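Peer 1: Sequence:
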Amino acid sequence: MNDDFQIRMAQIRVDSVPGVLHAIREIAESLDLRIICMNAGKMAGYRHAEKAVRHALRAEKEGGMTARSLEMEALLYVSGQRQTGIGMNFGLTEGEMTAWVVLLPASDDGWKKLSGIMVFIQEEEGVPDERIPVLKDLYGITDEELGVVGRDRIDELVIERTALLEILK
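Here this note's numbering is used: the first residue of the sequence shown is -10, the next is one more, and so on.
For the record, the hints were derived by calculation from the structure and aren't laboratory data. This structure is a prediction, so every number in the text was calculated from the model and none was measured. Mixed in with the good hints, there may be bad ones.
[As the list claims (entries may be wrong)] Okay, the calculated beta carbon distance ranges per label pair:
| id | residue 1 | residue 2 | range |
| --- | --- | --- | --- |
| 1 | D21 | E133 | 31 to 39 Å |
| 2 | D(-7) | I106 | 35 to 43 Å |
| 3 | D141 | E39 | 40 to 48 Å |
| 4 | R2 | L153 | 32 to 40 Å |
| 5 | G105 | G139 | 21 to 29 Å |
| 6 | I121 | G84 | 39 to 47 Å |
| 7 | Q72 | W100 | 30 to 38 Å |
| 8 | M77 | I121 | 42 to 50 Å |
| 9 | L153 | E112 | 35 to 43 Å |
Note that the Cβ used here is the ideal one computed from N, Cα and C, for glycine as well.
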């Protein structure tokens, strides 16, 4: 399994999802990379992004992907759902957005080219308070569960939910 990848956080202005995806695909093809963009506003931080990519890589290696591409498979693991229609909601969306961006394999040239369509920013530490209600709703986390583990460990609850996708396959 090639798990030589890098993840960075970026701000992206998306006027047209197909347009931005086209630009990203051109960069990926020109450098023989795979690029995955995940909506950080619907995620529980860096570890969530990393685990999703690792699960998708394992599924690809073992021939057990639900999706037709590694990029979509990673979004399925981010969402914890098997339906690609739901997984797409965890990718790019129109407007100003924050994303976790993955380059596989790691590539300085890839980051340089991507900086023409996005701005790389400092990675957030932990999960911002305003995202807690969003994550609770998206991943079915109850107040009781959050009370037991603590708000600072919501990322573990989300990752646990998304890892269940392997069992559902």
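Peer 1: Is the hinted range of 32 to 40 Å satisfied by the C-beta distance from R2 to L153?
Peer 2: The hint (32 to 40 Å, Cβ to Cβ) holds, given that R2 and L153 are roughly 34 Å apart.
Peer 1: Kindly confirm whether 21 to 29 Å is satisfied by the beta carbon distance between G105 and G139.
Peer 2: Violated, since G105 and G139 (Cβ atoms, about 41 Å apart) do not stay within the stated range.
Peer 1: The hint says 35 to 43 Å between D(-7) and I106; measuring C-beta to C-beta, is that right?
Peer 2: Violated, since D(-7) and I106 (Cβ atoms, about 23 Å apart) do not stay within the stated range.
Peer 1: Is the hinted range of 40 to 48 Å satisfied by the C-beta distance from D141 to E39?
Peer 2: Taking Cβ atoms as reference, D141 and E39 lie about 18 Å apart, which means the hint is violated.
Peer 1: Verify the CB-CB distance for L153 and E112 against the hinted window 35 to 43 Å.
Peer 2: 26 Å, violated
Peer 1: Is it true that D21 and E133 lie within 31 to 39 Å of each other by Cβ?
Peer 2: About 48 Å separates the Cβ atoms of D21 and E133, which means 31 to 39 Å is violated.
Peer 1: For the pair Q72 and W100, does the Cβ-Cβ distance stay inside 30 to 38 Å?
Peer 2: About 31 Å separates the Cβ atoms of Q72 and W100, which means 30 to 38 Å holds.
Peer 1: Okay, I121 versus G84 on CB: inside 39 to 47 Å?
Peer 2: For G84 against I121, whose Cβ atoms are near 22 Å apart, the range 39 to 47 Å is violated.
Peer 1: Taking the beta carbons of M77 and I121, is their distance inside 42 to 50 Å?
Peer 2: Given a distance of about 24 Å, which is not inside 42 to 50 Å, the answer is violated.
Checked against the numbered hints given earlier, the structure breaks hints 1, 2, 3, 5, 6, 8, 9 and satisfies all the rest.
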